[in-house]
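The chain contents come next:
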Amino acid sequence: MPDARLLLKATAIGKQFPGVRALHNVDLTLNQGEVLSLVGENGAGKSTMMKILAGVHTSDQGTIELDGKPVDIKSVREAQKHGIALIHQELNLSENLDIAANIFLGNEPQKFGIIDRKRIYEESAKYLKRVGLDFPTDTLVAELTIGHQQLVEISKALSVDARIIIMDEPTSSLSQKESENLFEVIRDLKSQGIAIIYISHRLGEVMELSDRVAVLRDGENVGELAGDDITHDGMVKLMVGRDLSQFYKRAAITPGEVVLELDRLRTPAHPKDEISFSVRGGEIVGIAGLVGAGRTELLQTIFGVTPAVGGTIKLDGKELLPSTSLEAIEAGVVLAPEDRKRHGLVLQMSFRENSSLARLRMDQKLGMIDFKSEIDLAEETIKKLNVKTPHTEQVVQYLSGGNQQKVVLGKWLAMNPRLLLLDEPTRGIDIGSKQEIYKLMEDMAARGVAVMFVSSEMEEVLGMADRALVMHEGAITGELSPEQLTEEAIMQLATGNKAAA
Amino acid sequence: MNKNTLGILGLFILIFGFTWVSNENFINGYNMTNLVKWSSLYAIMGIGVAFVIITGGIDLSIGSVIGLIASLLALAVKNQWNPTLTVVLLLGLSLVIGLMHGLLITKVKLQPFVVTLCGLLFYRGISRWLTDNQTMQYPGTEGLDSFFSGKVYSFFSGKMLLVDLLAPLGVGMMVVGCIGVFVTFVILLIANFRKSIGWGIASLLLDIPLLVFCILNYREVKKPFLLHLWSGALVLLGFIFAAVGTTGEKFGLASPFFFLLVVAVVAAFFLNRTIWGRYLLALGNNEEGARYSGIQTDRLKITAYVICSFLAGLSGLLFAYELDSVQPAQTGEFYELYAIAAAVLGGCSLRGGQGAILGVIIAAAVIRLLRNSINLVGVSTHLEFAIIGLVILGGVTADEIIKRIVAKRRTAQVKAAKG
Chain A
0 MPDARLLLKA TAIGKQFPGV RALHNVDLTL NQGEVLSLVG ENGAGKSTMM KILAGVHTSD
60 QGTIELDGKP VDIKSVREAQ KHGIALIHQE LNLSENLDIA ANIFLGNEPQ KFGIIDRKRI
120 YEESAKYLKR VGLDFPTDTL VAELTIGHQQ LVEISKALSV DARIIIMDEP TSSLSQKESE
180 NLFEVIRDLK SQGIAIIYIS HRLGEVMELS DRVAVLRDGE NVGELAGDDI THDGMVKLMV
240 GRDLSQFYKR AAITPGEVVL ELDRLRTPAH PKDEISFSVR GGEIVGIAGL VGAGRTELLQ
300 TIFGVTPAVG GTIKLDGKEL LPSTSLEAIE AGVVLAPEDR KRHGLVLQMS FRENSSLARL
360 RMDQKLGMID FKSEIDLAEE TIKKLNVKTP HTEQVVQYLS GGNQQKVVLG KWLAMNPRLL
420 LLDEPTRGID IGSKQEIYKL MEDMAARGVA VMFVSSEMEE VLGMADRALV MHEGAITGEL
480 SPEQLTEEAI MQLATGNKAA A
Chain B
0 MNKNTLGILG LFILIFGFTW VSNENFINGY NMTNLVKWSS LYAIMGIGVA FVIITGGIDL
60 SIGSVIGLIA SLLALAVKNQ WNPTLTVVLL LGLSLVIGLM HGLLITKVKL QPFVVTLCGL
120 LFYRGISRWL TDNQTMQYPG TEGLDSFFSG KVYSFFSGKM LLVDLLAPLG VGMMVVGCIG
180 VFVTFVILLI ANFRKSIGWG IASLLLDIPL LVFCILNYRE VKKPFLLHLW SGALVLLGFI
240 FAAVGTTGEK FGLASPFFFL LVVAVVAAFF LNRTIWGRYL LALGNNEEGA RYSGIQTDRL
300 KITAYVICSF LAGLSGLLFA YELDSVQPAQ TGEFYELYAI AAAVLGGCSL RGGQGAILGV
360 IIAAAVIRLL RNSINLVGVS THLEFAIIGL VILGGVTADE IIKRIVAKRR TAQVKAAKG
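For the record, the sequence lines run as chains A and B.
For the first sequence, position 59 matches number 58 in numbering that gives the first Met the number 0, and the numbering has no gaps at all.
For the second sequence, position 160 matches number 159 in numbering that gives the first Met the number 0, and the numbering has no gaps at all.
Don't read these hints as lab results, they were simulated from the structure.
Just so you know, not all the hints are guaranteed correct.
Claimed, not checked - For each label pair, taking beta carbons as the anchor points, the in silico distance ranges come out as:
no. : chain 1 : residue 1 : chain 2 : residue 2 : range
1   : A       : G226      : B       : K194      : 53 to 61 Å
2   : B       : K194      : A       : N385      : 26 to 34 Å
3   : B       : F268      : A       : G203      : 37 to 45 Å
4   : B       : G388      : A       : E107      : 43 to 51 Å
5   : A       : N385      : B       : F112      : 50 to 58 Å
6   : B       : Q329      : A       : T144      : 37 to 45 Å
7   : A       : T144      : B       : K194      : 34 to 42 Å
8   : B       : F268      : A       : E472      : 37 to 45 Å
9   : A       : K340      : B       : P167      : 19 to 27 Å
10  : A       : K80       : B       : L375      : 35 to 43 Å
11  : B       : V95       : A       : E472      : 26 to 34 Å
Claimed, not checked - Anything over 12 Å on all C-beta distances counts as not near chain A; from chain B, calculated:
no. : residue
12  : K77
13  : E287
14  : I294
15  : S324
16  : R370
Stated by the list, open to error - If you want a taste of the chain B side facing chain A, the calculated C-beta under 8 Å gives, among others:
no. : residue
17  : S195
18  : K249
19  : T273
20  : I274
21  : N284
22  : A289
Each residue gets a CB set at the ideal place from its N, CA and C atoms; glycine is no exception.
All chains, please: the whole structure from these sequences, using the hints.
As structure tokens, then:
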């Protein structure tokens, strides 16, 4: 590596939060025009490290050099001045403003205190062109898809002359196609000499994109991979500190009786498409497809939060057309929703109160809460699902993503469901917890429960599903048996290509 | 009792003590009788609006509902209606008002602020129209007494329970309280010494290190610490009782106090012990999340508005006893703001999902106490609103700061637990 290309050098970075050592002696180098991926389990310190570079946090120890000169990054603004921009996992755009206004938000060119609108529109058009976004600059951001909004964020970074763009889980809510488009843009930026630091849980993407991969574990460097050494197994091994060649693979099963039967079901999101299929007890069925294919809406309709507009649902042979989630829950249908924080949990309430939220109704005595059985349930959930929480009274807001998901699952397992619906069950969850959640799904299936999950992670569908249904624009375009189940086949069906299956 | 309630109690004690020191007339039986009575009235309204605020909503119509109910009561007295029927009708009307608010908010999906703002204007207008905007004299309190002449109402009709043995009761409370303080002090001291000798010695010399220690290790010493504080409060209360009991004027408990007692016990039980109370808190924090857990959020929200308007109607009846006359254009004006202030100062967040009944009651008392105090201390009464505003602002600011510190500690705890 010639030193002339060395852009950023962080040495022995340390960061202490009250009661916890987030980073210890972390080194990181970044060259011009390079894509460096940073991987590690949740809590490994990736985000903290990036926030230090971007000026959100300040480090306690260590030095950062830019172009060989030591710099002191104290705020986001200073980081921007040095050409470092961070694109958060949750985008920070104002949906009510148009593209151009968002790009220049907080940085508006002015003439005597009046925004120079003409310049804003002209210049933002230039940046949009650089990221290949073909929209008029006065389009409202609310009208863009998430993938396109991401590109606006990148344009925003370019508008402050960023030389280093840090992307934190940029593809977590993008469809395959949008992700590929983003990768195109990243390669393009790279060729313009911009360095990218890329954080992702999706190791496939990391392999595809990176020139170099730095791995963190428990706030320390554990290794670096470059070029051909960047392999899935190699990264996982470093991340978890153990070999996981057989990460997950479900054994063949013999399913039981039909539990769920849909007949020409029509959801309010796609009222023209009729959906018919059935799921047996003990079966794990994966629903694949692109974001927006109607998968989430299908689960929500079965769960009763968005009632069906036509067709029938049968559970264990009995008709069930829930118009509220309560009806579905009472019949034995539960849903671990995609947006855990908004739909799955009451973040400000304690672990105990969240665990019992659904069960409460069944343990009541004349409307009074049975506190003893509530505490028992909370303690049992901690044990059964191996939840990492200091005590049952911990507010769930402060738990990690994996543990939060366990709270959601614990809440539903307490209801002894007949049909377990999971929407993106492992999104944003570290590898360790992921495995535990897969194990849980298998346990439920083994007990005769019908399990159905939606996932945008190919590997998850391939590894976990006994059978996969693929959706495209509201309709089911195909069903894949274990023998037919390949990444290729899913993609063909997910993009609406029926014939190829 | 949560930390917020402790804080507001501390504030109450502070103002109480300060006023007492500044003006010895403060503690006399007559003044205390009034303070308790008016605090109770405010607290009943405050508890009502607390339920709505817990759902993340607001009710601005309380004052106008009070005005409407008081005006209708005046009409009933004038026209010699049947008293039982009148009470049933008026309370029934306030239930219907709450139901309408709830339905408009949940089914038509209007914003609570808008719905109840319209209510504020509408009920006020109806009161003025029904009464021709004439000041209606209740024919003296005797008039109301004769209106409610039946036995059932003799307690209801503004009579007072005179407390004769206040002084000896106070002394007794002080004795019991002192024993409690001493015993819990020893227990806490032992806990201190266990943690570190330094803490122990420091606590032996002064009570402040002891209290700091207890707050820092709240979870471990929760029970003896709370007992310690309660015992201390008992001593203080006993002292106050004894002082009030020895003043010339008799202290009495007016009917609003007993109504508050019933309302508070029922409300606290509902909120903390029933599944519906839990659901209310859950939906206040995250309505969608509650719905996805099978909670029928609309019904609960409607219930909250019904409770609020019902308690507004009830306090309308109770206020009527305290006034000689009803002015349809003014009676109850701004009371919704006192109620909301009491709820917020008492620990309800306007973001929803939080609330403690005891806190609301103490906060209502703080607001009444402030008014009383401003009069007695000799501050210009024109400053009344300014001072109340500042105290509430200070209270919620302190609360917010404490919350942030707690949040930081929690995050650290979890990260430490993860290793």
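Beyond 12 Å on every Cβ pair: is that true for B:S324 relative to chain A? holds, 42 Å
Status of the B:S195 interface restraint (C-beta, 8 Å, chain A): Hint violated; B:S195 Cβ to chain A Cβ min 18 Å, cut 8 Å.
Does the nearest C-beta of chain A fall within a distance shorter than 8 Å of the C-beta of B:I274? holds, 5 Å
Supplied distance hint 35 to 43 Å, evaluated on CB atoms of A:K80 and B:L375: Between A:K80 and B:L375, where Cβ atoms are some 59 Å apart, the hint is violated.
Is it true that the C-beta distance of B:K194 to A:N385 lies inside 26 to 34 Å, as the hint says? holds, 31 Å
No chain A beta carbon within 12 Å of B:K77's: Label holds. Min Cβ-Cβ 42 Å, cutoff 12 Å.
Is the interface hint for B:N284 satisfied, with its Cβ closer than 8 Å to some Cβ of chain A? Hint on B:N284: holds, closest Cβ of chain A at ~5 Å, below 8 Å.
Okay, A:K340 versus B:P167 on CB: inside 19 to 27 Å? Between A:K340 and B:P167, where Cβ atoms are some 57 Å apart, the hint is violated.
Should the hint that A:G226 and B:K194 are 53 to 61 Å apart at their CB atoms be regarded as holding? For A:G226 and B:K194 the Cβ distance comes to about 56 Å; the hint holds.
Does the CB of B:A289 sit less than 8 Å away from some CB of chain A? holds, 7 Å
Is 50 to 58 Å a correct range for the gap between the Cβ atoms of A:N385 and B:F112? violated, 45 Å
Should the hint that B:K249 touches chain A count as held when the rule is a Cβ pair under 8 Å? With a closest approach of 41 Å, the B:K249 hint is violated.
The structure fails to meet hints 3, 4, 5, 6, 7, 8, 9, 10, 11, 13, 14, 17 and 18 from the earlier list, while all remaining hints are met.
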